[in-house]
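Trainee: Next come the chains, spelled out residue by residue.
Protein chains: 2
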Amino acid sequence: MNKTIPEKIKRIFDKYYQADLKIWKAFAEYIEPRSFLKGEIVKDYHRTEHHINIIISGSVGHFIANNGKDICLNLLYENQVFSDYLSFLTQSNTPIKSECLEDIEIWSIHHKDLNELYAKSTEGLIIGKAIAEAMFISKQHEQIRLLTLSPTERYLKLISDRPEIFQRTSLKIIASYLGVSPESLSRIRKRIYE
Amino acid sequence: MNKTIPEKIKRIFDKYYQADLKIWKAFAEYIEPRSFLKGEIVKDYHRTEHHINIIISGSVGHFIANNGKDICLNLLYENQVFSDYLSFLTQSNTPIKSECLEDIEIWSIHHKDLNELYAKSTEGLIIGKAIAEAMFISKQHEQIRLLTLSPTERYLKLISDRPEIFQRTSLKIIASYLGVSPESLSRIRKRIYE
Chain X
1 MNKTIPEKIK RIFDKYYQAD LKIWKAFAEY IEPRSFLKGE IVKDYHRTEH
51 HINIIISGSV GHFIANNGKD ICLNLLYENQ VFSDYLSFLT QSNTPIKSEC
101 LEDIEIWSIH HKDLNELYAK STEGLIIGKA IAEAMFISKQ HEQIRLLTLS
151 PTERYLKLIS DRPEIFQRTS LKIIASYLGV SPESLSRIRK RIYE
Chain U
1 MNKTIPEKIK RIFDKYYQAD LKIWKAFAEY IEPRSFLKGE IVKDYHRTEH
51 HINIIISGSV GHFIANNGKD ICLNLLYENQ VFSDYLSFLT QSNTPIKSEC
101 LEDIEIWSIH HKDLNELYAK STEGLIIGKA IAEAMFISKQ HEQIRLLTLS
151 PTERYLKLIS DRPEIFQRTS LKIIASYLGV SPESLSRIRK RIYE
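Chain order of the listed sequences is X and U.
Heads up, the first sequence is in my numbering, so the first residue is 1 and it goes up one at a time.
Heads up, the second sequence is in my numbering, so the first residue is 1 and it goes up one at a time.
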């Protein structure tokens, strides 16, 4: 395993929990690098999630189907962690899909291996707790954003966080993520740049 | 501390993580019983949450303000756990409020005490991980419900889970929780019972 991997994982998780590098070395031993092409499904609707993944390059969306239409729940890019974490925790099927929006390279850790790490050491448990807390924090922020910001404010926040997003992700998917129609998003952009 | 308290806490958490009773005994030692009257704020908007609470009697709602209107995020009754958990984890202010919908008695554990429990034992950490995971599972189910069920389906699920809800909680708050106007909720109920 490349010696920069634990350092990279530590940098990604440090904002949630600053664990010692040796803990991330133990974690890194379980990492399985995987790659998928744009349009490929990493985890399908009504299937069970077996991995937690770190995005090394590319982007992924989480979707849920509503009346035959895919609604985008999350957009995830480099150095972000993704998983259908409800399915991962309960090891049961969920109506959530993870689909590649660009070719991706990811580092994955399997459910079985992560549980082995939890059982092996206090540090493993600390990581498990940190992952669960980070997932909750991100999900709760998502709900607050959707309920307290107007579509225009959500749009402005998104391009401030991800200035390159319109070069990488289709307008249709960004609109779905912002909770507006593609036409409304076009109007919002037009109004701002006029 | 009453000797039935650890048993009661164990029953509430068993569906998430089946910890040994001795772990809940350690947890129970930190419990502080609190009570609030209907209409009182347990944790206000733009304040910091210091507790995780178990409802012994009564009910509580989580709210977020949107254009001067309170939107109900969650409705919580006996034997459920509540906390503005984002605020609790980050120990920072959030735009979420917890308000009593009936007089309540709750068992509360303070942030400082819970962290002491985490630091003291592996079992404490297991509990911390279980709490974070339970909070995520509940939040993700909430999002799936809102996105995949119609208002009528959400209503039917709610009365099947909580048949007594209309005797205890106002139509206006239930409507907000279901994501519909009070008028729409009245129409849904009329249609079903006609």
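Among the clues, some could well be false.
Which copy? The list can't say, so a pair holds if one copy fits it or any two copies do.
Unchecked claim - With a straight-line cut-off of 27 Å between C-alpha atoms, the simulated BS3-like cross-links for lysine-lysine are: (1) K22 to K172; (2) K10 to K112; (3) K172 to K112; (4) K69 to K25; (5) K172 to K15; (6) K69 to K190; (7) K22 to K10; (8) K15 to K190; (9) K97 to K112; (10) K172 to K8; (11) K25 to K172; (12) K190 to K112; (13) K120 to K190; (14) K69 to K10; (15) K112 to K25; (16) K120 to K157; (17) K172 to K157; (18) K15 to K120; (19) K120 to K38; (20) K190 to K22; (21) K120 to K69; (22) K120 to K172; (23) K120 to K22; (24) K69 to K157.
Hint data in this document are derived by calculation from the structure and do not stem from the laboratory.
All of these numbers come straight from a predicted model, not from anything done at the bench.
Trainee: Under the constraints set out in the numbered hints, which ones does this structure not fulfil?
Mentor: Those not satisfied are hints 1, 3, 4, 5, 8, 10, 11, 12, 13, 14, 16, 19, 20, 21, 22.
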